[in-house]
Every structure is written in C-alpha cells, then in structure tokens.
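Number of protein chains: 2
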Amino acid sequence: MAKQSPKEALETLGKDLVAQIKKDENPTLQLPVRSLSNVKFDEKTKKLGIGQKMTERQFFNVSHAKKFLQTIDVAGAIKELIDVDKTSTLRDVFYRVKRTIPGTKTETVDQQTESDKAIEDLELITGFSREKLHVNANKMGSVAGNVTVVDAGDTINWAKMGSGGWSIPSNVENVEFKKVDAKYIIYMEKAAVWERLNEDKFWKKQNCIIVSSQGQSTRGIRRLLQRLSSEHKLPIYVLTDNDPWGIYIYSVLKYGSISLAHMSEGLAISNVKYLGVTCDDVEKYQLQRHYIALNDKDIARIKQMADYEWFKDNKAWQRQFKMMKKAKAKVEIQALSARGITFISDTYLPEKIKNKDFLE
Amino acid sequence: MAKQSPKEALETLGKDLVAQIKKDENPTLQLPVRSLSNVKFDEKTKKLGIGQKMTERQFFNVSHAKKFLQTIDVAGAIKELIDVDKTSTLRDVFYRVKRTIPGTKTETVDQQTESDKAIEDLELITGFSREKLHVNANKMGSVAGNVTVVDAGDTINWAKMGSGGWSIPSNVENVEFKKVDAKYIIYMEKAAVWERLNEDKFWKKQNCIIVSSQGQSTRGIRRLLQRLSSEHKLPIYVLTDNDPWGIYIYSVLKYGSISLAHMSEGLAISNVKYLGVTCDDVEKYQLQRHYIALNDKDIARIKQMADYEWFKDNKAWQRQFKMMKKAKAKVEIQALSARGITFISDTYLPEKIKNKDFLE
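Protein chains in written order, with the working numbering: chain A, 1 to 360; chain B, 1 to 360.
Treat each hint with caution, since some may be false.
Because identical chains cannot be distinguished in the list, a pair is counted as satisfied if it fits within a single copy or across any two copies.
[Said to hold, decoys possible] With a Cα cut of at most 25 Å, we get these calculated DSS-like pairs of lysine-lysine:
| # | residue 1 | residue 2 |
| --- | --- | --- |
| 1 | K3 | K205 |
| 2 | K178 | K160 |
| 3 | K117 | K178 |
| 4 | K312 | K178 |
| 5 | K201 | K79 |
| 6 | K105 | K86 |
| 7 | K160 | K204 |
| 8 | K204 | K86 |
| 9 | K201 | K132 |
| 10 | K315 | K46 |
| 11 | K23 | K325 |
| 12 | K132 | K160 |
| 13 | K132 | K233 |
| 14 | K86 | K23 |
Read the hints as simulated data drawn from the structure, not as lab findings.
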C-alpha cells in the first residue's frame with residue numbers, strides 16, 4: 001500500500017467496503033493482530049515488529065460492530081483532516097468522532113483509548129504512521145546544533161536559538177533538512193541537562209546536536225532522531241539517569257516499544273548507543289555517595305528488562321543489570337554536578353565520547 | 001538591598017556574618033516568616049505577599065544549626081555560579097552542597113527540599129529572585145508571534161519558528177526584547193492547543209503572541225509573560241480547560257502562589273484576564289455533551305478556591321464556581337474540536353476577544 005498517498009489509502013479502504021456492501025457481503029476489515037502474542041523481536045533488523053497473525057472486524061457481528069464503526073468514523077475524520085490539510089491531536093480526534101447514536105443513549109466512543117486504538121489500526125491498514133495521517137500527540141523537547149531546517153515556510157537555524165533552542169513540533173514529517181553540519185547527536189531525557197550543555201556551548205565546541213525531552217521521548221522526537229540518523233548518517237548517543245527507566249528510554253529508541261511495535265520501522269533507530277550514566281561511570285567518577293536506594297518497582301523493572309529478548313543474551317547489559325541489583329541503588333545524572341558545575345561538559349562527556357565508552 | 005547586585009548582596013550577607021563572628025556574637029540570619037500565617041493578600045496591589053513577621057536563624061542553636069549551615073552553603077554555591085557566570089538548577093545545587101560532615105555520618109542536606117528552602121530564603125535575604133541568583137527550574141513551553149528577541153548573543157524572530165516555535169528557556173532574565181509588534185498575548189496550558197493555533201497562523205491573523213506550557217506554568221513562562229506585560233503593556237488572556245485546575249492556573253498567574261508569595265512582585269501579573277473555557281461558554285457553544293463528571297478532588301478544589309480571599313467577594317467567579325458545582329461537570333478545551341477542526345481559531349477565540357468576553 002505504501003505506494004499510495006495516505007489519502008489514496010483511505011479512499012481504497014472506503015471503496016473496498018462499498019464494493020463489499022454492493023455485493024451484499026458482510027462489510028469486513030482485515031488487520032494484523034496487535035496483542036503481545038503477535039509482537040515479535042526480529043533478530044535480523046533488531047527491531048520489534050508485528051507478526052503474521054491476522055484478524056477480521058465485521059460490521060454484522062455484535063462483538064465487532066462498535067469497533068468497526070469507530071475505525072470507519074476515525075478514517076472519515078482523518079480523511080477530512082487530509083482534505084483541508086490540517087493536523088490534529090489524538091484528543092481532538094476523540095471529540096471529533098464522539099456522538100450519540102440517534103434514538104439511543106449509546107455513544108460512538110466512550111473513552112479516548114477507543115479512538116486511539118482505531119488510529120493505530122488505521123496505521124496498520126493504510127501502512128502510514130499516525131503523523132502521516134495528520135494526527136499528532138503532545139509536543140515536547142528542545143534542540144540546538146549546527147543545523148538549518150525549513151519548516152512551515154520558515155528557515156530555522158538551530159545554532160541561533162539563544163538559551164531556549166528550537167521547540168520540537170509533535171510532527172516532524174515535513175521538516176526539511178537544509179544543512180546538517182554535526183558529527184553526532186546526544187539525546188538526553190532531562191531538559192535541565194540540555195540547558196547545562198547549551199549554556200556551555202557544548203554542541204558548538206563538539207560540533208554535535210543536542211536534543212532533549214522531559215522524561216520518555218515523544219514520537220515527534222523519535223522521528224526527528226530517526227530521520228537525522230537515516231538521512232544524515234549521524235550516530236545517536238543516549239544520556240539518562242543511571243536507573244531502569246533511563247535504560248528503558250534507550251531500549252525504546254533502539255528497538256521500538258511493545259505498544260507501538262507496528263511502527264518500529266519508522267521509529268526504532270538500530271544504531272543508537274547508550275552513553276551513560278552507566279554503573280561503571282558511577283564507580284569511575286565516584287558517584288556512589290549519591291546513590292539512591294532502589295525501590296520495589298525499580299527492582300521489578302530491572303528483572304523484567306533483563307528478560308527482554310533483546311537484552312537477555314547481551315552480556316554488557318546483563319552485567320549492568322547485575323551491578324545495579326548488587327548496588328541496590330541508582331544514581332541521577334545531576335549527581336555529576338557534585339564534581340563541578342560544568343564537569344559534565346568539560347570532562348565527563350568529552351572523555352566518554354573520545355574513548356567511545358558506549359554500551360550497546 | 002535591591003540597589004546592590006546579587007553578588008554584592010551575597011557578599012554583604014557574608015561580611016555581616018564575619019563581623020558578628022569577630023564580635024564573638026552568635027552568628028544570626030534574619031528573615032521573614034514564610035509560613036501560611038505570614039502570607040497576606042494585599043488588597044491594593046491585588047497580589048499575595050509576605051507579611052511583617054520576622055524570624056532568626058542562629059548558628060549556636062541546635063534546632064537552627066543545620067538550616068543555618070544549609071543557607072550559608074547554598075549562598076556559597078550561588079556565589080560560585082555568579083563568579084563563573086553560569087546558571088544551574090535546583091537539583092544541581094542540591095548535589096553541589098550535599099556532603100558528609102567529616103567525622104560523622106551526618107549529611108549537610110538529606111533532601112532537595114532542604115536546599116530548595118535555603119534558596120527561597122536567600123531570595124528573601126538578598127531581595128533577588130532565584131533566577132537572578134543563577135538558579136533555574138525546568139524549562140518548558142513554546143512561543144510564537146511578531147516578536148524579535150536577543151538572547152545569549154542570538155537574534156531570534158518568534159515569527160519564523162516554523163511549526164515548533166521558540167523553546168522558552170527556564171531563565172528569561174537576560175532576554176532582550178528588540179521588537180514587539182502584537183496587540184495581546186494568549187497563554188494556554190495545553191501544547192496541543194498551541195499547535196492548533198500555530199498551524200492556523202492565528203497569531204499572524206490576530207497579531208498576537210501565543211505561549212503554551214504543558215500544565216501549570218513554570219517560573220520561566222511566568223516571568224516572560226510578566227515582562228511582556230509590564231515592559232510592553234500587552235494584555236494577557238488565559239486559556240485553559242473548564243475545570244478547577246485551569247482556573248487555578250489563572251489564579252497563580254494573576255495573584256501569585258502561596259508557596260512563592262515572597263516572589264509575587266516579580267511574578268504575579270495583575271492585569272491577566274481569563275479567556276476561557278467558562279461555564280457560560282459551555283452553554284453558548286453547546287459543549288454540555290462533552291461534560292466529564294467532577295470527582296471528589298475537583299469538588300474539594302472548587303470549594304477551596306471559592307474561599308480564597310481574592311475570589312470570595314468576586315461575584316463573577318463565585319457564579320462560575322456555582323455553575324460548575326451545579327453541573328457537577330467539567331469540560332476540556334479540546335471539546336471545541338467537536339464543532340470543527342479550526343472552530344477554536346475561526347470562531348471561538350475571535351468572538352470572545354472581539355466581545356471582550358473575559359472573566360476577571
């Protein structure tokens with residue numbers, strides 16, 4: 001289907017259904033099963049993906065009818081967005097398709113999760129990402145570096161953004177890279193670390209790009225990184241706290257996430273490397289005095305991650321998990337500040353990058 | 001004290017203490033009481049503020065000694081930041097001052113709340129805001145409009161930021177406004193609404209500035225709004241969900257917050273107006289079908305706010321609280337999408353602003 005435009009893909013869907021109706025058939029949608037049982041880790045591409053199991057959604061089937069209606073309603077709302085060349089959000093789409101079925105007290109959608117699921121199904125049916133279907137999630141994050149982009153008619157130089165940076169949009173599909181002059185990208189989970197590196201002009205001195213979110217990265221950020229990685233062959237280094245949640249941020253960037261396994265192709269970035277903070281860094285830079293005890297949730301998460309298919313045979317990561325469990329402690333990246341205000345910019349990062357001290 | 005620079009104010013503090021020590025006095029800091037009992041709503045300035053009650057912090061007093069040490073340690077860390085002209089974050093300052101007192105197992109600070117409190121005390125002692133003392137919180141938010149600023153040596157045109165906008169730094173004290181060509185500012189709590197208005201070029205059509213956070217506004221955003229309001233006499237309209245939390249965002253912007261009452265002078269913006277979504281809007285634009293039932297926390301919050309000194313004699317707001325309680329429901333701003341993708345940009349906001357349909 002990918003040779004079609006998103007609009008054509010939706011029209012094909014509609015025409016198929018009309019043809020079925022004209023033949024007096026039960027209108028039926030076919031789509032891959034999206035439950036965990038059909039999520040596979042592809043050893044070759046090193047990405048999570050959807051397996052071969054297919055399912056049907058029929059209009060004349062009491063247990064399918066509502067989902068069928070929701071999928072078609074959402075497809076209609078998306079078609080409208082594409083027709084008027086506007087984008088929207090998951091929340092907005094929910095409100096667009098929510099209505100009471102005449103003569104009943106039944107709502108077409110009760111919860112946003114229902115319209116969200118319909119959008120994810122349409123990603124699979126059409127072969128286009130939600131963003132290409134004009135639906136965005138929340139925007140978040142900042143970027144700076146020697147890069148010039150054209151977006152929405154404006155030419156934007158990421159090197160001239162003062163102390164703020166360019167605010168990353170939720171949808172970066174139409175961002176055009178005009179000039180990319182950088183050796184690598186550091187993606188960090190904390191905006192405060194980004195401000196540290198930006199104030200220290202780290203990206204200028206090191207000729208790199210710095211990208212931050214605030215916590216788990218958004219799809220906008222993931223796509224931006226993915227595009228810079230694939231279109232400009234830039235290595236990406238991930239900088240997080242030394243805790244299971246930081247490692248999971250790396251894991252999602254590299255392998256994809258279970259809930260969005262069907263989108264790994266466009267979102268997962270196989271050559272991402274983990275820069276820190278590692279358990280070895282904690283020892284090397286004497287951060288043990290800033291240990292924070294692991295709680296039960298942390299311990300359970302480490303165990304869960306150590307069992308993930310993509311980590312379970314990875315000796316370097318198993319060693320990290322073991323060290324973290326043994327220390328019974330995690331360390332925040334800000335602990336590096338105890339070594340000096342600009343220690344992270346002047347010593348920690350240049351040393352790590354020079355020595356290629358990465359985890360993969 | 002405000003005639004001194006932040007550095008001079010810290011030096012004065014240090015010299016005072018040295019003088020006390022040389023006179024064999026018990027080293028003592030004096031500062032206003034910051035508990036709720038000393039937070040006053042000033043009827044004249046319409047801002048929350050700190051009352052007259054003073055307290056002392058003595059070094060030779062077992063119940064004061066640790067707080068005394070923390071205040072001086074943090075003052076030292078801030079002095080260092082100013083000396084090297086770097087900024088830092090609350091979290092970093094915590095790590096900077098945390099150490100074990102030699103020969104004991106006692107830490108100078110155990111929790112970040114302790115160093116945070118010391119910073120707030122130093123705001124009172126020196127008369128300078130945390131930002132002027134080079135300590136920032138998290139950055140958040142985006143801005144677009146016909147405004148050109150100079151920041152960190154870069155000239156930044158907020159009208160040429162594509163779909164992303166300029167990412168607002170955590171500290172806007174050094175942002176210089178070169179050109180401000182706008183009639184008013186809309187501040188919204190939701191980044192998704194900001195993206196809607198930005199995509200629709202609302203700020204260009206209406207000649208205004210659009211600013212968003214994601215939830216409760218940060219101090220960086222509040223100061224940016226405050227500076228645009230006071231230095232460029234721009235009215236500010238607040239756009240949130242129709243719920244007690246949205247109204248509280250407005251309340252904090254206009255009157256200041258209880259926890260930062262001592263900073264209201266530089267942060268509260270008295271001429272802020274509430275644009276929506278009001279309970280009247282819900283009726284006028286027929287959003288009742290998107291009612292979400294109030295939960296117990298919502299109901300308690302409405303009651304609490306209705307009793308606030310600055311709301312309790314305000315008939316317009318009491319009417320809103322009553323309507324919300326009567327409807328037993330709140331409405332999200334995105335419910336406006338049910339009326340059309342660009343209904344908010346094309347109809348709702350232009351109508352409200354043209355009719356000066358604000359709450360104060």
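How the hints compare with the structure:
1. For the identical chains of this complex, K3 and K205 are neighbours neither inside a copy (43 Å) nor across copies (37 Å), given an alpha-carbon limit of 25 Å.
2. Within a single copy, K178 and K160 get their C-alpha atoms as close as 15 Å, and across copies as close as 15 Å, so both meet the 25 Å cut-off.
3. In this assembly of identical chains, K117 and K178 lie within 25 Å of each other by CA distance neither inside one copy nor across copies; the values are 36 Å within and 47 Å between.
4. In this homomeric assembly, K312 and K178 never come within 25 Å of each other (Cα to Cα): the closest approach is 41 Å inside a single copy and 56 Å across copies.
5. In this homomeric assembly, K201 and K79 come within 25 Å of each other (Cα to Cα) only across copies, at 22 Å, whereas the closest approach inside a single copy is 44 Å.
6. Taking the shortest Cα distances, K105 and K86 never come within 25 Å of each other, neither inside one copy (31 Å) nor across copies (61 Å).
7. In this assembly of identical chains, the alpha carbons of K160 and K204 lie at most 25 Å apart whether taken from the same copy (11 Å) or from different copies (22 Å).
8. In this assembly of identical chains, K204 and K86 lie within 25 Å of each other by CA distance solely across copies; the values are 17 Å between and 36 Å within a copy.
9. Taking CA atoms no more than 25 Å apart as the test, K201 paired with K132 passes between copies only; the shortest distance there is 21 Å, against 35 Å inside one copy.
10. Taking the shortest alpha-carbon separations for K315 and K46, only the intra-copy value of 16 Å comes in at or below 25 Å, while the best inter-copy value is 63 Å.
11. In this assembly of identical chains, the alpha carbons of K23 and K325 never lie at most 25 Å apart, being 62 Å within a copy and 54 Å across copies at closest.
12. With identical chains, the CA atoms of K132 and K160 are at most 25 Å apart between copies only, with a shortest distance of 24 Å across copies and 29 Å within one.
13. Taking the shortest alpha-carbon separations for K132 and K233, only the intra-copy value of 23 Å comes in at or below 25 Å, while the best inter-copy value is 41 Å.
14. Proximity of K86 to K23 under the C-alpha cut-off of 25 Å is found in neither arrangement, the shortest distances being 35 Å within a copy and 73 Å between copies.
Of the hints listed earlier, those the structure fails to meet are numbers 1, 3, 4, 6, 11 and 14, in rising order.
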